[in-house]
Amino acid sequence: MKRISEKHKQYLIRRQLKQEKRRLRSKAIAKHIRQYGANSRPPAKGDSLFRKKVVTLSLPPVFNLNDAYDDSIAFIETLREYGVRSVRRFKLDFTTLEEFGGAGALVLAAELDRWRRLSGLRLHTIDLDKWNPNILRLFHEMGLFSLLDVINPPRLPETDDPVKFVEFWSANTARGELARELRLSLENIPGVTIPNKSTLFRGLSEAMSNVSNHAYPPDFPFSTPPIKGQWWMSGSFNTETTLLSVAFFDQGVGIPVTLPANYPLERIMAIINRIGLKDNDASRIRAAMELQRTSTQESYRGYGLFRDIRNFTNSMPEGRLRILSGKGEYIYSPSDNKLKNGEKILTHKQGIGGTLIQWEAKLK
Amino acid sequence: MRLNIAKEFSEVPAGRFEDDGPFSGEAFREKFLVPALSENTTVIVQLDGGEGQGSSFLEEAFGGLIRHGYFSKRDLDARLKIESEDETLVSEIWEYIERAAQAYNFDTNSDKRNSEVNADTLN
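Quick mapping for you: the protein sequence lines, in order, are chains S and E.
The first sequence begins at 1 in our numbering and counts up by one.
The second sequence begins at 365 in our numbering and counts up by one.
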């Protein structure tokens with residue numbers, strides 16, 4: 001047998017290593033596509049899949065969908081990029097979080113839940129002793145750790161904080177019994193009796209039905225792979241201000257996209273023009289509310305959602321309805337004299353990545 | 365015949381189609397409403413007692429009676445009664461029936477259509 005020179009031997013070893021790397025990369029890409037679908041970006045050469053370095057994503061100090069909307073949604077987008085669209089190893093740093101809003105918590109929980117389900121990972125908590133104790137208590141009360149099936153959930157005592165949360169609920173079908181469970185959980189909080197339970201139930205059950213029928217069209221090219229049909233729901237009550245809050249969220253295409261599927265575009269534009277607005281996500285949500293009031297036979301599958309979700313707001317003292325969908329925001333608060341006709345719309349720089357419906361009302 | 369949605373179908377109905385969930389408007393219509401109307405001269409549907417019913421549920425259950433050609437508006441006017449403490453809910457349901465009738469014009473040949481449907485639903 002001919003002897004191989006040292007130089008040739010090194011060449012063969014290098015070639016073998018390159019082939020092995022290529023084989024592992026093809027395997028990783030195939031696995032990624034099986035998990036996340038062909039629309040997602042497969043792992044690139046420089047991705048940390050192939051490196052051991054773990055990237056840390058720190059939450060902004062204030063996370064809510066009000067005055068901190070832009071920073072909060074920017075963080076959600078980063079989480080989508082790292083956790084769902086591409087394959088990267090990362091950890092979330094909650095020690096930087098100081099303040100958290102209820103509706104924002106639902107959107108973040110939904111994103112974490114999507115990451116967990118699509119990646120197949122089981123999450124575990126770290127540095128809990130460095131978290132803000134109010135944030136830790138909030139997450140615990142909301143059931144975030146059990147929603148995410150965390151390996152090592154913390155055990156925490158009750159506190160005297162006036163804002164009481166009930167656990168998150170999530171499903172991928174219209175489950176009326178979960179809407180009832182949410183109401184009963186809220187009514188377990190001292191001081192809570194929801195006077196118009198059927199109107200709240202109508203709003204929630206209609207939101208679930210809307211998700212099943214409209215939110216996740218089968219051939220839509222989602223930029224972030226969704227969990228088809230999935231929705232999330234939460235509730236809270238402030239024992240000092242008696243403010244009740246219920247929120248419902250889906251990661252679907254959003255009302256501005258589905259509206260033209262249910263109503264002719266000419267009708268949509270006629271309403272937008274009549275109100276004196278430009279065509280954007282916010283004005284389309286506003287148009288959807290108007291269209292539902294005047295809907296005709298071609299839209300029997302249209303927006304009964306809006307009748308039902310507004311009714312709870314109309315029936316409660318100081319009721320307030322908020323819809324965030326795409327980049328648009330619609331607020332309906334009939335008792336607020338500062339709003340023209342009790343309505344207001346806003347456009348944000350970044351979309352929420354779905355539709356959030358939030359009801360608030362004073363119970364006394 | 366009396367049909368109480370909460371007692372005989374679900375206290376928490378939700379969803380329009382059977383794919384949406386286990387207690388949808390379509391399921392109520394196909395399994396309860398159509399057989400009841402096919403086998404009885406008058407059917408009284410009672411809405412109270414449960415958590416409530418959403419628009420999609422009601423529209424598919426009742427508007428679907430017309431859209432799917434089971435009955436005409438004339439039939440339903442004569443034979444269907446809806447009871448609830450909330451009168452607006454009763455009006456809402458009749459609004460769905462009226463709209464479906466206008467859209468699909470099922471106010472003629474009711475006897476022929478019913479006999480065809482009876483054969484289908486009983487098989």
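What the hints contain is simulated information worked out from the structure, not anything from laboratory work.
Be aware that a few hints might be false.
Listing some non-contacts, in silico: residues in chain E with all C-beta distances to chain S over 12 Å [to be verified]:
hint: 1; residue: 368
hint: 2; residue: 371
hint: 3; residue: 376
hint: 4; residue: 380
hint: 5; residue: 389
hint: 6; residue: 405
hint: 7; residue: 439
hint: 8; residue: 448
hint: 9; residue: 452
hint: 10; residue: 453
hint: 11; residue: 458
Label-pair restraints from in silico Cβ distances [what the hints assert, rightly or not]:
hint: 12; chain 1: E; residue 1: 442; chain 2: S; residue 2: 239; range: 50 to 60 Å
hint: 13; chain 1: S; residue 1: 67; chain 2: E; residue 2: 399; range: 47 to 57 Å
hint: 14; chain 1: S; residue 1: 127; chain 2: E; residue 2: 372; range: 36 to 46 Å
hint: 15; chain 1: E; residue 1: 365; chain 2: S; residue 2: 67; range: 33 to 43 Å
hint: 16; chain 1: S; residue 1: 74; chain 2: E; residue 2: 365; range: 37 to 47 Å
hint: 17; chain 1: E; residue 1: 399; chain 2: S; residue 2: 181; range: 27 to 37 Å
hint: 18; chain 1: S; residue 1: 160; chain 2: E; residue 2: 399; range: 54 to 64 Å
hint: 19; chain 1: E; residue 1: 467; chain 2: S; residue 2: 160; range: 51 to 61 Å
hint: 20; chain 1: S; residue 1: 190; chain 2: E; residue 2: 454; range: 56 to 66 Å
hint: 21; chain 1: E; residue 1: 441; chain 2: S; residue 2: 85; range: 32 to 42 Å
hint: 22; chain 1: E; residue 1: 406; chain 2: S; residue 2: 341; range: 20 to 30 Å
hint: 23; chain 1: E; residue 1: 445; chain 2: S; residue 2: 133; range: 33 to 43 Å
hint: 24; chain 1: E; residue 1: 399; chain 2: S; residue 2: 264; range: 53 to 63 Å
Below are the DSSO-like pairs computed for lysine-lysine, each with C-alpha atoms no more than 30 Å apart in a straight line [to be verified]:
hint: 25; chain 1: S; residue 1: 362; chain 2: S; residue 2: 344
hint: 26; chain 1: E; residue 1: 437; chain 2: E; residue 2: 371
hint: 27; chain 1: S; residue 1: 364; chain 2: S; residue 2: 197
hint: 28; chain 1: E; residue 1: 395; chain 2: S; residue 2: 197
hint: 29; chain 1: S; residue 1: 349; chain 2: E; residue 2: 395
hint: 30; chain 1: S; residue 1: 7; chain 2: E; residue 2: 371
hint: 31; chain 1: S; residue 1: 228; chain 2: E; residue 2: 395
hint: 32; chain 1: S; residue 1: 197; chain 2: S; residue 2: 91
Only a predicted model underlies this, so the values are computations on that prediction, with no experimental measurement involved.
Glycine included, every Cβ here is placed at the ideal spot set by N, Cα and C.
Non-conforming hints, listed in increasing numerical order: The structure conflicts with hints 3, 4, 5, 8, 9, 10, 14, 15, 16, 20, 21, 22, 23, 24, 29, 30 and 32, although it agrees with all the remaining ones.
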